[in-house]
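Participant: Below, each chain spelled out in residue letters.
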Amino acid sequence: MDFPQLRAQFPTLEQTLEGYPLCYLDTAATSQKPKCVIDAMTQYYHKDNANVHRAAHQLSSRATSQYEAVREQLKGFIKASRREEIIFTHGTTESINMVAHGLINQTKSGDIILIDTAAHHANIVPWQELAKRSGAIIKPIPLTEDCQLDEQAYEALLEQKPAIVALCHVSNALGTLNPVNHLVAKAKAAGAITLVDGAQAIAHLEIDVQAIDCDFYVFSGHKMYGPTGIGVLYGRFDILDKLEPMMTGGEMIKTVSFDATEFNILPNRLEAGTPPIAEVIGLGAAIEFIQNLPKAETAQREQELLTYLQTQLANLGDIKLYGAHENNIGAVAFNLADEHHQDVGILLDQQGIAVRCGHHCAMPLMQSLAIKGCCRASIGVYTSKEDIDRFIEALTSVKEMLLE
Amino acid sequence: MSSAVQPATETFLALKFDSGEILPRFDNANNWQERYRQIMLLGKTLPKLEDEFRVEQAQVRGCESNAWLYHSEIDGKHYYLADSDARIVKGLVALLLTACHGKSADEIAAFDIEAYFDRLGLTGQLSPSRTNGLFALAKAIKTSV
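Residue numbers (the numbering used here), protein chains in the order written: chain Z, 6 to 409; chain X, 45 to 189.
These are computed hints drawn from the structure, not numbers from a lab. Among the hints, a few may not be true.
Pairs of lysine-lysine residues, derived as BS3-like cross-links and limited to a Cα-Cα distance of at most 27 Å, are as follows [what the hints assert, rightly or not]:
(1) X/K183 to Z/K377
(2) X/K88 to Z/K325
(3) Z/K113 to Z/K166
(4) X/K60 to Z/K377
(5) Z/K377 to Z/K144
(6) Z/K377 to Z/K325
(7) Z/K377 to X/K147
(8) X/K92 to Z/K325
(9) X/K92 to Z/K404
(10) Z/K404 to X/K183
Computed footprint of chain Z on chain X, listed as stretches where at least three residues anywhere in the stretch have a Cβ under 8 Å from a Cβ of chain Z [to be verified]:
(11) 77 to 85
(12) 123 to 135
Quick list of the computed label-pair ranges, beta carbon to beta carbon [stated by the list, open to error]:
(13) X/D156 to Z/L22: 32 to 40 Å
(14) X/A48 to Z/D218: 51 to 59 Å
(15) X/R163 to Z/G254: 49 to 57 Å
(16) X/V49 to Z/D213: 56 to 64 Å
We put the beta carbon where it would ideally sit given N, CA and C, even for glycine.
Same shape as in the complex, but just chain Z:
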């Protein structure tokens, strides 16, 4: 694969900040977008702009077929068994909210909901809201010392027969990979409904929802080279079909009278209002972009870069790394000695380096690590070895400034 040609597809990367070339190591927060994604959205607004599913005219017909084609694409992309199992949402957060809200009539007082301690807030708060409304009880699944899900503790919790188990595929803050296939199998054996948050996995791993065998799998377009404002809720048909809609109106209805309303069938039943059409089309282009990448080569390249990043960080000295580093995907979390992560972030930014510094929307995880926050460097298909070298060089100068 011609790497410079791949990188050249990302226009945002060709800029300087403070006189330094941009070094973007914040892909886990949002990925940059290739030209094909930007072009697909522009094309829709230039030529095909119309609402979907309703008008009799040609523009609407073009928009609808492009929109529905992406659903079909997604079915293949994550190996769902039918197109109705793909629901378009605004992102991972909305997807999880839809599930947590939709399970209200199936959740009763005293039900246990297990949540991954490494989860980000989007996979915690919706469940807390469900618990408030239903009387269910939230229990966090502890982590081991090296920040992996503690399987022994998990099995002990499963003996309490939880109703719902919410896991992350790859930790948002730390990049740690969960062995979701067998974690889900165990949860199912205990009789739980399972949701896997794939926000950080989708751009790096090939996803097969049937192999994972989860009831729900959720992700966002913007972390997989697609636009913001679009996400996916995959649900196994029979259980998705039982979800109470969170939003009503628009295409989700079949008939309405002032006496009663009958809802539409899946997938429309869970897609109220006008969907983000251009974003769906952009997501379709992103899927095509990912599918055109040489998979094995790209995965190996990313893994080598990540290992290089970890090694270089460790060699720098005075660095605290968080997480299990033989089992990481896409991201590395660290702090420089006892320095505040924000100081590190500001001084890196002065050198054109973009990393995330903060609690990464995973405050319970930060509490369990007994830190206020940390810095996270994350990579994507366009990340080069030079990016890592520049980052390490910049961090060396930050270290000199802060620790001198």
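The hints should help you fit chain X onto chain Z, whose structure is shown.
Facilitator: What follows is chain X alone, placed relative to chain Z:
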């Protein structure tokens, strides 16, 4: 800044900044490294708030780090005490206080914070979209008078 606890008047009065001495350091800094070094050095001169004053009610929202701000009006002048657990934010706060501490309400109202930071070569640090919270701190100082 509506905290139940409040540092003693003497603590406010004890804090002094010599802008005539501090500001030229920034004019003489010819690169960002030197400017940030000066910011951090200045931060070190700002006394640490005792734990009893590092309370939630005194916290300024919008900071990724923790930052606390106290205000006191003494004989028609406005005095401040502030602290942060991040070094650069603490230095930036000290820069704000260099301009506002011990001034009259009119002087503070007339003070152009944006122009001040621009002049110091720190354009961009004072923006509502930055998580350093400096914008929120500046606003808190402006609204305290």
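Participant: Hint by hint, where does the structure go against what was stated? Just the numbers, ascending.
Facilitator: 4, 7, 10 and 13
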